[in-house]
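Asks: Residue-level listing of the chains:
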Amino acid sequence: MTALDTPTPLRPTATPPSRPGTGRVFAAVLRRDLMVTGRELWVILVQVGLTPLFMLFVFDTVLGSQGLVGRGFADVFLPGIIALAALTTALQSVALPLVKEFGFTMEIEDRLMAPLPTGYVAIGKLVIATIRGLLAAVLIYPLGALMVGSAPWRPAGLPLAFVVALLGAWIGGAIGMSLATTLPVQRINVTFSVILTPIIWTGCIHYPWPRLSSVPWYQVVTALNPMTYVSEGVRGALLPGVPHLPAWVCLTVLTGVAVVLTWVSVRCFTRRAIQ
Amino acid sequence: MPSRDGPAVVEVDDLVKRYPRTDTNAVDGLSFTVAPGEIFGLFGPNGAGKSTTVGILTTRLRATGGRAVVCGVDVGRDPAAARAHLAVVPQHNNLDRALTPRQNLVYHATYHGVRRREAHARAAELLDRFGLTERADRRIEAYSGGMAQRLMIARALTHEPAVLFLDEPTNALDPQTRLLIWGQLRQLRERGVAIVLTTHAMNEAARVVDRVGIVDHGRLLTLDTPTALVRGLAGDALLDLTVTPAGGDDPDALCAALGELPGVRKAERVATPTVPAGGRPGGGAAGLAGVGAGGAGMLAALAAGGGRPGAGRLAALAGAGLLGRGGGAAGNGGRGRLRIRLHLAGDPATLLGPAVTVLTARSAAVNAVDVGEPSLEDVFIELTGRQPR
Numbered sequence: 001m002t003a004l005d006t007p008t009p010l011r012p013t014a015t016p017p018s019r020p021g022t023g024r025v026f027a028a029v030l031r032r033d034l035m036v037t038g039r040e041l042w043v044i045l046v047q048v049g050l051t052p053l054f055m056l057f058v059f060d061t062v063l064g065s066q067g068l069v070g071r072g073f074a075d076v077f078l079p080g081i082i083a084l085a086a087l088t089t090a091l092q093s094v095a096l097p098l099v100k101e102f103g104f105t106m107e108i109e110d111r112l113m114a115p116l117p118t119g120y121v122a123i124g125k126l127v128i129a130t131i132r133g134l135l136a137a138v139l140i141y142p143l144g145a146l147m148v149g150s151a152p153w154r155p156a157g158l159p160l161a162f163v164v165a166l167l168g169a170w171i172g173g174a175i176g177m178s179l180a181t182t183l184p185v186q187r188i189n190v191t192f193s194v195i196l197t198p199i200i201w202t203g204c205i206h207y208p209w210p211r212l213s214s215v216p217w218y219q220v221v222t223a224l225n226p227m228t229y230v231s232e233g234v235r236g237a238l239l240p241g242v243p244h245l246p247a248w249v250c251l252t253v254l255t256g257v258a259v260v261l262t263w264v265s266v267r268c269f270t271r272r273a274i275q
Numbered sequence: 001m002p003s004r005d006g007p008a009v010v011e012v013d014d015l016v017k018r019y020p021r022t023d024t025n026a027v028d029g030l031s032f033t034v035a036p037g038e039i040f041g042l043f044g045p046n047g048a049g050k051s052t053t054v055g056i057l058t059t060r061l062r063a064t065g066g067r068a069v070v071c072g073v074d075v076g077r078d079p080a081a082a083r084a085h086l087a088v089v090p091q092h093n094n095l096d097r098a099l100t101p102r103q104n105l106v107y108h109a110t111y112h113g114v115r116r117r118e119a120h121a122r123a124a125e126l127l128d129r130f131g132l133t134e135r136a137d138r139r140i141e142a143y144s145g146g147m148a149q150r151l152m153i154a155r156a157l158t159h160e161p162a163v164l165f166l167d168e169p170t171n172a173l174d175p176q177t178r179l180l181i182w183g184q185l186r187q188l189r190e191r192g193v194a195i196v197l198t199t200h201a202m203n204e205a206a207r208v209v210d211r212v213g214i215v216d217h218g219r220l221l222t223l224d225t226p227t228a229l230v231r232g233l234a235g236d237a238l239l240d241l242t243v244t245p246a247g248g249d250d251p252d253a254l255c256a257a258l259g260e261l262p263g264v265r266k267a268e269r270v271a272t273p274t275v276p277a278g279g280r281p282g283g284g285a286a287g288l289a290g291v292g293a294g295g296a297g298m299l300a301a302l303a304a305g306g307g308r309p310g311a312g313r314l315a316a317l318a319g320a321g322l323l324g325r326g327g328g329a330a331g332n333g334g335r336g337r338l339r340i341r342l343h344l345a346g347d348p349a350t351l352l353g354p355a356v357t358v359l360t361a362r363s364a365a366v367n368a369v370d371v372g373e374p375s376l377e378d379v380f381i382e383l384t385g386r387q388p389r
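Sequence order for the protein chains is S and D.
As numbered in the working numbering, the first sequence has no gaps in its residue numbers, which increase by one up to the final residue, 275.
As numbered in the working numbering, the second sequence has no gaps in its residue numbers, which increase by one up to the final residue, 389.
Since the hints were made in silico from the structure, they are not lab data.
Keep in mind it's a predicted model, so treat the numbers as computed, not measured.
Check each hint, because a few of them may be wrong.
[As the list claims (entries may be wrong)] No more than 25 Å apart at the CA atoms, straight line, and that leaves these computed lysine to aspartate or glutamate pairs for DMTMM-like:
(1) K266(D) x E190(D)
(2) K266(D) x E141(D)
(3) K266(D) x D167(D)
(4) K266(D) x D249(D)
(5) K100(S) x D167(D)
(6) K266(D) x D250(D)
(7) K266(D) x D252(D)
(8) K100(S) x E40(S)
(9) K100(S) x E168(D)
(10) K100(S) x D137(D)
(11) K266(D) x D137(D)
(12) K100(S) x E141(D)
[What the hints assert, rightly or not] Just so you have them, the derived chain D footprint on chain S, three or more residues with Cβ under 8 Å:
(13) 101-113
(14) 162-170
[Unchecked claim] Derived list of chain S stretches under chain D, where covered just means 3 residues or more per stretch with a C-beta under 8 Å from a C-beta of chain D:
(15) 62-71
(16) 263-275
Backbone N, C-alpha and C define an ideal beta-carbon position, used for all residues, glycine too.
Let the hints inform the model, and build the full structure from the sequences given.
Replies: Below is the structure:
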């Protein structure tokens with residue numbers, strides 16, 4: 001440590017720095033979140049794995065062994081579980097840290113003070129959430145297959161499944177960011193339950209959407225949930241033989257929802273960051 | 001305004017901020033400028049509008065009206081460009097807990113476009129300057145308040161800003177850390193960095209700030225150098241008397257009696273300190289501050305218990321800087337004590353005699369005498385009142 005009042009040889013008088021390029025600053029902000037994500041890989045694994053794997057175990061292994069569920073159910077269910085992991089992991093991985101960062105620690109201030117339009121910081125958060133969601137989807141596929149002993153495997157459908165999961169993760173991130181930046185901290189827990197539960201149970205994770213024609217009102221309800229299109233998209237890509245919504249419908253709806261929610265979530269974020 | 005080296009780096013012009021669902025302006029037509037290499041103190045009571053002003057200048061709040069410019073960039077029009085020129089050290093700890101202290105500096109630099117190799121070099125240099133090298137790779141949670149504050153200032157400097165905003169930089173810090181921080185701020189001024197700071201430690205800040213703006217209710221009450229502000233205050237000198245009135249004597253009447261002495265512009269009751277506080281600059285009692293309560297208290301007890309010493313002796317004690325400011329060891333343990341501040345037009349030594357005569361006549365015991373000049377804090381109280389916000 002240098003002496004307190006001794007002038008130390010520093011750089012010459014501060015000249016106003018020129019503004020660095022937006023791309024470079026964006027990459028630096030992204031790099032921080034990627035580094036943290038990399039370090040928390042096991043956290044994601046637990047966060048991702050537990051609920052879907054328990055669901056698979058109970059619905060397939062337990063109920064299947066009792067003869068309550070048919071043998072083919074796991075094949076229908078696994079694509080839904082992959083879709084669920086993508087959307088909900090993205091949602092949680094952006095919402096929970098944001099509540100903390102905007103809440104009592106205000107850790108995000110340092111990134112908000114970067115010479116970058118605030119919207120880009122929000123977009124960076126969505127990118128990281130999407131990466132985490134996709135990572136979850138990719139991990140749950142083999143883990144789920146190990147759990148139930150088999151899995152639908154159709155390499156030709158993987159690119160479509162990937163794109164659908166990506167859109168689902170992006171949407172999940174946008175929902176999470178909108179919630180975290182608009183709701184008061186004390187209500188965040190209850191809201192998560194209120195939002196997440198219907199997303200899961202009306203998202204066609206367990207059943208193909210066309211077969212809901214036997215309960216028309218419920219079919220309408222599920223059609224309002226973006227999760228449905230993620231489940232159907234992944235299922236259609238991996239199991240073309242099972243009745244499903246056409247891929248173009250899923251992609252169109254998901255793209256539209258993603259565009260709208262991106263606008264909403266970035267706006268919520270910016271309003272929270274700059275008052 | 002005093003131009004140091006070139007045009008102002010901070011320009012605030014008729015700035016207004018009204019928060020949604022409120023009837024009054026938090027900032028109400030504020031104007032001032034800050035030159036390169038100037039330390040500008042923005043003082044005001046809680047809720048006066050200084051944090052809002054800093055919030056607007058640092059792009060975290062949007063102004064309702066007026067203009068705020070940092071390094072020629074209108075912060076409302078191009079906040080991202082303005083952020084390249086400025087740095088903020090907030091009052092609360094907003095360090096990135098997911099990163100180590102060193103990473104906090106390195107990543108901050110890269111957020112401002114500094115290349116990683118250079119960022120590492122700057123981080124190492126700043127960690128050394130702020131005495132944090134040995135603890136640079138530990139967890140942030142293990143940091144004390146003082147260390148976190150040093151790290152936040154170091155972080156703010158990694159991208160070499162032209163303007164540094166500090167909110168209560170020495171709040172609740174130990175003297176060593178405060179000394180380090182003030183020293184670093186002086187060095188930054190030498191390098192041409194403009195510093196805008198808000199603080200309640202005014203008398204301490206008075207030694208470093210070049211100019212002071214005092215705000216209240218969102219308006220600028222005064223703007224000048226600390227010396228000029230203090231010189232402009234009503235009296236030239238202060239005489240603080242800590243006394244124990246005789247049983248049955250009315251404290252207000254005692255205060256009024258002292259106020260009627262010739263040469264006294266104003267007499268007022270002020271809070272009695274429970275421990276010897278730091279002396280005011282130039283004050284007669286400053287010599288004992290920080291030495292320990294025992295010494296000051298003993299002298300105060302001597303003065304109080306010595307059968308009411310004569311004016312000459314008290315004046316000599318006060319003049320030599322030997323009297324404490326209300327030491328805790330005197331006779332009744334401080335109960336019933338009264339601290340009366342006399343604002344004087346002339347030399348306090350000439351008034352000490354008559355004051356003691358008044359007190360003796362009313363059988364009041366003198367516990368301590370403190371001679372001093374008005375401080376920046378007195379100017380502040382004079383302008384913004386005594387009422388807590």
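Asks: Does each hint hold? Answer for all of them.
Replies: Verification of the hints:
1. K266(D) x E190(D): With a Cα-Cα distance of about 41 Å, the restraint between K266(D) and E190(D) is violated, given a limit of 25 Å.
2. K266(D) x E141(D): The hint is violated at about 51 Å.
3. K266(D) x D167(D): Violated: K266(D) and D167(D) sit about 34 Å apart, past 25 Å.
4. K266(D) x D249(D): 20 Å, holds
5. K100(S) x D167(D): 22 Å, holds
6. K266(D) x D250(D): 18 Å, holds
7. K266(D) x D252(D): OK: K266(D) and D252(D) at ~13 Å, within 25 Å.
8. K100(S) x E40(S): 16 Å, holds
9. K100(S) x E168(D): Holds - the C-alpha atoms of E168(D) and K100(S) are around 24 Å apart, at most 25 Å.
10. K100(S) x D137(D): Distance ~23 Å between K100(S) and D137(D) Cα, so the pair holds.
11. K266(D) x D137(D): Violated: K266(D) and D137(D) sit about 57 Å apart, past 25 Å.
12. K100(S) x E141(D): 15 Å, holds
13. 101-113: With 8 residues in contact (Cβ-Cβ under 8 Å with chain D), the coverage given for the stretch 101-113 of chain S holds.
14. 162-170: violated (count 0)
15. 62-71: With 0 residues closer than 8 Å to chain D, the stretch 62-71 of chain S misses the three-residue bar; violated.
16. 263-275: With 3 residues closer than 8 Å to chain D, the stretch 263-275 of chain S meets the three-residue bar; holds.
Hint compliance for this structure: hints 1, 2, 3, 11, 14 and 15 are broken, all remaining hints hold.
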